Structure formats: C-alpha cells, structure tokens
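Colleague: So the sequence lines, in the order shown, correspond to chains A and B. So the first sequence is numbered by our numbering: it starts at 59 and just counts up by one. So the second sequence is numbered by our numbering: it starts at 192 and just counts up by one.
These are calculated hints, taken from the structure and not from any lab test. What you are looking at is a predicted structure, and each value in this text was computed from that prediction instead of being measured. Even for Gly, the Cβ is constructed at its ideal location relative to N, Cα and C. Every clue listed holds true.
Restraint ranges, calculated between C-beta atoms of paired labels, are given here:
#1 A:ALA315 <-> B:PRO400: 51 to 61 Å
#2 A:ALA187 <-> B:HIS235: 34 to 44 Å
#3 B:GLY247 <-> A:GLU141: 38 to 48 Å
Here is what each chain is made of, one letter per residue.
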Amino acid sequence: MLWSSPRYTPSVTLELRNVGKSYDGGLSFAVEDVGFAAEPGELVVLVGESGCGKTTTLKTINRLVEPTHGQVLIDGSDVAEREVVELRRSIGYVFQGIGLFPHLSIVRNVGIIPTLLGWDEERISDRIAELLELVHLDSEEYGSRMPAELSGGQRQRVGFARALAAGPSLMLLDEPFGALDPITRDDLRTDFRMIQRELGLTAVLVTHDMTEALLMGDRIIVMRGGRVVGQGSPREILRDPGHPYVARLMESPTRQAEQLAAMSDDDRNQK
Amino acid sequence: MNSNLADRFAELPYLLAGHLLLSVSALVIGIAISVPLGIAATRHPRLRGPALTFAGLIQTVPSMALLALMVPLLGGMIGFVPAFIALTLYSMLPVLRNTVTGILEIDPAMTEAARGVGMTDRQSLLWVELPLAAPIIIAGIRTATVWVVGMATLSTPVGAPSLGNYIFLGLQTRNWIAVSFGCFFAAALAIVLDQLIRLMEKAARLRSPRLAWAAGIGLMVILFGGLLPAATRLVPGPRSLEVLTIQAEEVEEGSQPLLTGQNLFVGSKGFTEQYILAELLSLELESAGATVQQRPNMGSTVLFDALRSNTVDVSVDYSGTIWAAIMKRPEPIDRTEMLIEVAKFLKDEYGVISLGRLGFENAYALAMNRDRARELGVQNIADLGPFADRLTLGGDPEFFGRLEWSRVREIYGLDAMRTRGMDSTFMYGAVRDGMVDVITAYSTDGRITAFDLFVLRDPKQAFPPYDAIVLLSPRAAKNQQLIGTLLPLVNAVTNDMMRSANEMVDIDGLSVERAAAELQLRIGNRNLNQR
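Excised from the complex, chain A in its bound form (with noise of 0.2 Å):
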C-alpha cells in the first residue's frame, strides 16, 4: 500500500512562533504576532477575508516569503536554518489557481520534483503512475496531456500528485478548492482528506470559506488583518466563536445550515 510506503517520512509537528512580515521596514505589518501549532497528521486551516495575511502567514513556512521575525519550527527544527531549495522540495505546496507548468505534460508536471531530486528515470516513472492512480486519474488517459486539456477538477488533483511526488510529510494547501463547481470540489475534498489522513499529513490550508474550514480543519486558525482573532476546533468555535469577527464569519454558514433544515423540514411536513 502506498501509504504504508517507507518513502513518507513520518508526521511531523509544525509551529509558528510570534511569526510578523513587514514589507516597509517595520512601518506596517501583513502579518504580525501569528502563532499557532499542529500536532502530527493535523490539517489546520487558515481562514479570513483575502488580504488577512492568511497566504502570506503559509509562504513564510516554505520561505517563499522570509519573515520579518518570529520562527517557524518543523519537528521543533528553525526553518530559517534549513538550505531553502531542499525545505522546499521536503514540502508539498499546492498553489492558489493549480500552478502547474502549462508547457510540460502531466507527467512532467507531477515528476518535477522526483526529476530535481534527480532519482532514476524508472523511479519516477512508477511514482508518477502511483500519484495518478492515488488522485483518481488514468495515467494512460492523461499522463501525456497538457494541462490546458483537463478541465479545473482534473487539474487540481494534478496539483494534488504533484505535491505528494516527493513523499513530503508536510503540505502546504493555498486556496487548493477555490475555483471549482461545487460537486468537483465535494469530491476533491473528500478525495484530499482521506489521503492526507490515510498518510498521516501533517497540512496547511488556506481559505477564506468558513464552511471549508469547518468541514476539513481539525483545527482552526481564524485571522483579520494580519492577525489571528481565535482559534481552536470546528467545535469550540461552533460553540463559542469569541472574537466578533469569528461570529460574523460564522453567520453565513450557520444561515446557510438553517435555511437547508428548514427546507427539508417544510418537505417533509408537506408529505
């Protein structure tokens, strides 16, 4: 079984100390004081209105964007100390709007990094076949495509394999869902939640749908302007949002919720 494959390295913990970006010099901060910690195998969520700092926060634990102070620790280890290249590689990074390579085939989108880590041709090639069989695409059908002929669904489960091809123990997911059809997106959520539990990955996902947080975060991290305004589980914060901010963020969901019971209460009172 793939997930039982020695190549994932086991989970990992991750955790964000005091983490602050300024891109002025200190004048003002797109991320200030953020912290918080996932224990082995955790998705945690990053949820808030765009340009709360929730992509900026997940950059800096790849080092895509390199903080202005604080620490991000994997496995209790400074990232800042780590060689940049090999962080990266170690990490799976699903992009915001898919980011595959369109001139390179499927194939060569998903081997990228199996080929810079330079493994053997035979390696990568059963990797690849591997991936695509874990995200539910036919190799045979797709593997020599481009991406501009799969449609946004296909695509990002691309992105998916893509991530995993290295045997990361931790991802990064920004925005993995936003611009899919509702059914598309049921499927891949589920499809992605049962593979990074059946690995045991520790993740990072980024959205700035609240409902989405609630159905796949065991843990969330709620943020407003460059600051997390509460956290905890999808329960604790049903149950006790805290800041006003998470309140509101909760009302649409919690409306959208009622309105459906409502419906098939009405239904079922008409029969």
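Put chain B on the given structure of chain A with help from the hints.
Modeller: Chain B only, in chain A's frame:
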C-alpha cells in the same frame, strides 16, 4: 536584356552565399550575446536600463551609417568583419528587448510555483521561464532576421559581397533589372529564413519531431545549398608559391597561365566607369588564370584604405583624388609632376605602387543645361559668381566633403551656392530637367554629350588633373606575374574609349560586363595597330 539577366544569374550563387554567410553569422552571434544579456538583465535590474538603452541607441543610428562607421573603428578594415560587426549590433535590440519582456511578463504565479517546488534560480530559468518566454523571444529573433537580411544589402559599400551588390550596381548604372533582382532575392531569403524559424518555434511548441525535422532540413538545405557552391570563393584559397610551383610542374612550360591558383581582389568605387574598369581588370586577371573577386561600391578613402591594407589587390584611382583626398594638398600642380609626386608619395607612405596612367582623364567638371547657361550668359566657372546665391549645385555627396570643392568655392566665390547631394547617376538628368542649375559632372560620362550639357571652363585651374591610374596594394606590388598581366593596360584607354564604354551602360542600357568586354576588345585592337 536576356544577356543582362544571364549575367545576373551567373553571380547569384556567390552573392547569395556572401549574403547568407553574413546574415546568418551576425544573427547567430547576435542571439548568442542578446539572450544571455537579456536574461542577466532580468536578474539584475540595474543592468536592464543600460543594456536596453545601448541596444536602442544602436538602432537609432541609421543602418548605412553604422556600417560605414565600422570601417574607421576597425582601423580601415573592409569586407566581412566590419559588416558582420555592424549587423550583429543591429540584430541585438529585438532579441534583447523580447528576451527581457518575455521573461518579465511571465505570470508571477509561475515563477513562484517554480520556487515553491524547490527549483534553484537556474532550474527555474531553464525549465520554466525560458520555455514560457520562448514564443516572445523567437518573435524577436524573427524580427532580427528580417532586419539583418535587409540591412545586409547595405554592406556592399564596405566591401562585403551581398545581394546589395545588385542593388548598388543597378542604381549606379541605371540597371533596374539588377535592382529588382537584388530586392527579389534579398526579400525571398528574408521570408524563407523567417518562415523556417517560425516552423521551428511551432515544432517546439507542439513538440512535433516531424516539424522539427522539416525545419531543420529546410535550414540545412538553405545553408549548405547557399554556401557550398561559393565556398571556394568566399574562403580565399592558399596563395602560397608552393601551390603555384606544383601546378606549374604538372603543366607544360609555356602554356601555363601566369596567375593560375591566385585569388585576387579588385576594388572599385560606386559609379559606372569604376564598375567597367573593375570588370576590365578582372577580365585581364582571369584570362591570366587568376580567380578574381570584386569589391565594388566603396567610397574613395575606404577603397584606398582597403588597398593599402592588402584587402584589395588592384584598383583604379585618379591622380587629383589622391592628391586632394589622401595627400591633402590643396594647390594643384602640373599634370605630369602630379603623377610623379602621387606615385612617389604612395610608394613611400604606404608601399602602394602606381602602375601608370590608363590613358584617360576623368575630371570633375561643372556642367549646366545649355539653355540655362546661355540665359545667364555663363561661359566659365567665374561667371557663376554673381548668380551664386540663386543657384543650386547637384553632385555626389563625396564631392562636397572634398578639398576640391572648398577650393573651387573659395577661388570663384561660390559660398552662397546651395548644394544638393544625390547619387551621381541621377545628377545628369536632374540638371537637364532643371531640378538643379549646375552639377559636378565626371568629364568621361556619356550623358554630358547625350543630354547636350554645357561644361564650364576652369580658367583659374581650381580643379586638379584627374588622370586615371592603376594602383596595386603592397602585396600585389611584389607580384611580378600580376604586374606583367596588367601592364598592357597602361596608356591603352583614351578619353573617347572610356566615354563610349560609359555610354554603353548609362545611355544604351547594356550591362557592365558587355561594356567591359567591348572595351577590352578595343584595347586589344589599338595595341595591335600600334605595333
């Protein structure tokens, strides 16, 4: 007309090869410089401004001037090298600009994705940025290709053979077939190269090995097909005596032509008489067994520089031109004395040998429309003085930069006269039709009589004598066989013979080759009669 076309076709392999070699090597080197420079400019923003400004500035220099400037910058060198460098510089802007734009305009999400999956800067460049920017970079290369192939036609005056030879020759000798011929083949070459590059880009984009092969084979066919037939002429063969002696031994004594196995270069300036004389010299040298290449269409000083640096072996110049343009002596002296002084100067200063006069003089002479001269009551140059501010003088641009003109202007008080530079081939028609009042005619030009122009006398002898003389480069001066071959031309061409040869081309529309062959025949007859 048919023989004219046949003559043109005969030169085609050689000129096409020269054109192709020049354009393709300039493009290859231009791309090899511009793409890395463009990449560096995207990595180092401080380099970007200066690099693009430099390439842009080169583009603002008129292409003809850029070519011309290379000659003095390279210490008087003519031929392939100055043309190659000018074209290389010229090809840089589109490639550089498109490389920079192509890379900078890649979606930042793509470069971030490249970094995010753990690519080094180099990997990001090679695997992501260059492939994504390729269509724009290739569009730049295609622009450069069309520019360079077009501009290569202008390399004729700096002595690099190209399809431009047809255009310049045609312009000077009013041979519009030759002009069209040059245009057609230059355009065809540009289109074919452009389309082949487009095909290669398409092959890369579609990852189609079949298209890539087709483009590759097409390019090879063009390159080898274009270069091979003329390869022996473009790369001068060995000039060593060894080859000569070996060949001499193989052939019976006496029947061996004098110059077999030698590659010789004949240079000329850009007007009909010079073309005919260059052709005449070539005919003589070829009949002695030499392989001759012409370097036509050079300005006087460019040609002289080429001669003294052995880039050209033989040329015809004029005593007064050397006197004024090379020796910078303003005051003319007696004709014979001048010939002696010129010969002595050339030998002492540069090791250039004057073989002697050809026998005719082609002087600068001011000429007017006969009716116009009568109307103003003008007999000689001095009579122009009172009307100077109302008159326009047409002439070749070279003349207005020469000492002779400043001297004439000063002696006859013509400062107020307006000047209008034009190609010498057009000035005779221009003065006949009243577009200019006076021209700086060449006294051997057949159009003076044909258009019934009135030549003004020069009572104060402001113009020096312009005896045509055959000049040999320092290397050719040591070549006894060559001297022996050309010696029969000394004092063999009279004013009449030269004028009628010029007429054949300028008025009767015959080809330069015909006129030269005719002139050679007349020289032969005359020499026979004299014996």
